[in-house]
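In order, the protein sequence lines correspond to chains Y and W. Take the first sequence: its position 245, counted from the start at 1, is 245 in full-length UniProt numbering, and no numbers get skipped. Take the second sequence: its position 109, counted from the start at 1, is 109 in full-length UniProt numbering, and no numbers get skipped.
Just so you know, these hints were derived from the structure itself, not from any lab.
Since copy identity is lost for identical chains, a pair holds within one copy or between any two.
Here are the simulated DSSO-like cross-link-like pairs (lysine-lysine), alpha carbons at most 30 angstroms apart as the crow flies:
#1 Lys-350 - Lys-169
#2 Lys-350 - Lys-89
#3 Lys-391 - Lys-149
2 protein chains.
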Amino acid sequence: KHRDPTALLHSRQPATPHHRPPHRCLVLRMLSAVARRALTGAIQVVRGCGFLSSPAMVPRSGHQTLAAAPLPAVQGSPGVRQAQVLDHKRMLQVEWDDGSCSLYPFAWLRDNCQCPLCTLQSAQARSLLLTDLDVHTGMDQVQLSDNSKVCITWPDHHRSEFEPEWLRKRCFSPEARQARQEKLFLNEREFWDSGLQIPMADYEEVLHDDKAALAWLMALRRVGIVYLKGASLEQGQVARLSQRIGFLRLTFYGHTWQVQDKPSANNVAYTSGRLSLHTDYPALHHPPGVQFLHCLQQSQQGGESEVVDGFHMAELLRREAPEAFGILSSLWVDFTDTGSDYCDFFVQSKNRIIDVDGEGRVTRINYNNATRDSTLDVPLDQVQPFYSSLKTFVEVMNRPENVFAYRMEPGDLVTFDNWRLLHGRKSYVSNSECLRHLEGAYLDWDEVMSRLRILRKQVYGDS
Amino acid sequence: KHRDPTALLHSRQPATPHHRPPHRCLVLRMLSAVARRALTGAIQVVRGCGFLSSPAMVPRSGHQTLAAAPLPAVQGSPGVRQAQVLDHKRMLQVEWDDGSCSLYPFAWLRDNCQCPLCTLQSAQARSLLLTDLDVHTGMDQVQLSDNSKVCITWPDHHRSEFEPEWLRKRCFSPEARQARQEKLFLNEREFWDSGLQIPMADYEEVLHDDKAALAWLMALRRVGIVYLKGASLEQGQVARLSQRIGFLRLTFYGHTWQVQDKPSANNVAYTSGRLSLHTDYPALHHPPGVQFLHCLQQSQQGGESEVVDGFHMAELLRREAPEAFGILSSLWVDFTDTGSDYCDFFVQSKNRIIDVDGEGRVTRINYNNATRDSTLDVPLDQVQPFYSSLKTFVEVMNRPENVFAYRMEPGDLVTFDNWRLLHGRKSYVSNSECLRHLEGAYLDWDEVMSRLRILRKQVYGDS
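Next comes chain Y alone, as it looks inside the complex:
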């Protein structure tokens, strides 16, 4: 009757030959000892309810989604061979030791003078006021110092010095701009479907090891979901994990919130009903970027989790039904949320279900059918096209080949991108003796990315 949980775990792991991770490439490891301990714990707790998890429902651990893209190699920046004033263009041309050239506009150089008068060093912030900047400045003189700094004298005799590496990092070439963009915001997303090999990590390791924490956040950004095992079975673990990053985001549902079947529920999540695929809190104009859900107690029957990759689904829709994509990415839909929890609230928003930036790239999914307002502020002739488009989108995201399903066990903690993923759960049988209980918390991407950058600097010395 009691199957060996370690056998169960091993059967899920693909028989990949043991290999060392590539140089400078982070891998989220599934330490078998830790995993064994966590899984045993989970089954011990759940066994009291006469339940054994179905192997098919347990998230699979795999390798292809676990590896972070290697960072660009830190090159010793080349020195400056020559610096030349191009007066007619009002630019400085810097020729590097490797023969390449970069151009820097005078106004930009003056604006970014690093001297103590122009920059508050302790804050690394500009103290030069824009009213004091001559945006049409000339340049009196440029020299290379002995330590190969670029030294500029301005017409008002002010002097600026620039380190070659500092200049090189800020060069205006399209390639440099692209590389910086990716480094700062990690724009590359890996799309997935029901075949997702979910990135996994150990909860305590993420808390205590910088490399593990960095790998976690890199995968969270790239894949959109990371599964942590081995959290203790007490409330407070989502708060603890958010402190690892910085702080959580308080909302009207509290600092953290308890997903349980509650009388007079102020949210459909606080019932035992099925939750169709949704993002959390589209009733806010800036919905939480990241969500943590920690399983403290699972139901005996039902309550399985589902997720889809919303960015992937939006691209499928764009390909298969461009008109529907056009409507959902342009119509502003009302969402509403009223009630009382942390305090009383009456929240209203207008959001596009598929948010796109100026270039048409999908940046956020905003969709929760429960809080979609009965008020629909669109012209009458757009009502039917809206419903048809939404229906098509929901059909795409509900295709079995797109949905990744799993069942959380006590001690599991899932972290995911709430701007990208839609998540749901099957209905469950509520049982007062063994009440299903998840604890959740929100964070914002700005804070998460801040921690990611700091960890990358600490782990790699990468600035």
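With chain Y fixed as given, assemble chain W onto it according to the hints.
Same frame as chain Y, but now just chain W:
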């Protein structure tokens, strides 16, 4: 030597005849007794530093900006005279007692069935799943019940009932949509310049009186700035005021933050230097919507405050220099903020200095010259146009006719729209015996608007 502060106050008030506010029109009152007490208090404290405020610098109280736009009269909604199924359009036509007609698409009616199966009453949220909605549904039958509800029978025998008033509120006419929009988000902004008659209110009254609190928030939305007098001279008042709304927004600078001249300042604000006009925190992708600043101690010399109406300035720029407006509303500019405070942080954003929505309406100003990144990720040929455009914008906002200046005294608390206003301060002489000290806090507009809607409902019974 000691001028009578009440005389000083009275001289600032225009000799307007006493008049009753119009019906249902809120007025922020400047109770003279309260003002006298507050101003006396301020001067008593400051007098110890040998300082007397200049009358010209004290914010003026006036009437034209204080009145909230009257709310649309609550009409007894007309009843339904007739309801007719337009099968070919798949719409229901409702004819009202006043002879007007409204059309409601079948799909929308079915989607918004208010029965306990389709709506979770306790959350006022939709429990009907989109997968269970037939967006091409027909309609079997429509009837008017005795209490004049519209009763619909659907082909699957499901029945829906709609209150006339509920339907009327959600009708799809352009006028109804416009009115709802304004009611929910109060889109109307009143532009101002140096002649601003700053809305004022009493701090304790706002805390304890719902009408005063509503008037405060309405003016904050409409004018963008409201000055509160009479806060006590202890830390914690901005937190207390944020609890009146709901909760404050934690950032890397803490729950609240102390604006003082600090050694090794991690922000230019924490020096005694001049701060040019800026919005706070454009290094976040979602900067705080509302800012509170409470004066605990003013400097003996300098430290006067300045504000401009950024939405107004952007419109001036659009008119006077459309190219500059085009550039600042389309170029994504890097902002950065690194350091340690609540915890360590390394924040990066890309924001447009003038944020506009799809229709080109200005929605947010994002500009702080101190945290504008030395990295400028724009093509080389756009660097000079960017600097010229920014220079023009800054020149517009610094024109004396556009800047409203005031001097905060201890006990004053200014509340303003950080998405709309730019604020600054003059440099001051730092004095360790009388250290200038403001305490600040942030909130987001979603939470502020939520409280505003609740207060409006409480004060007016307006749903």
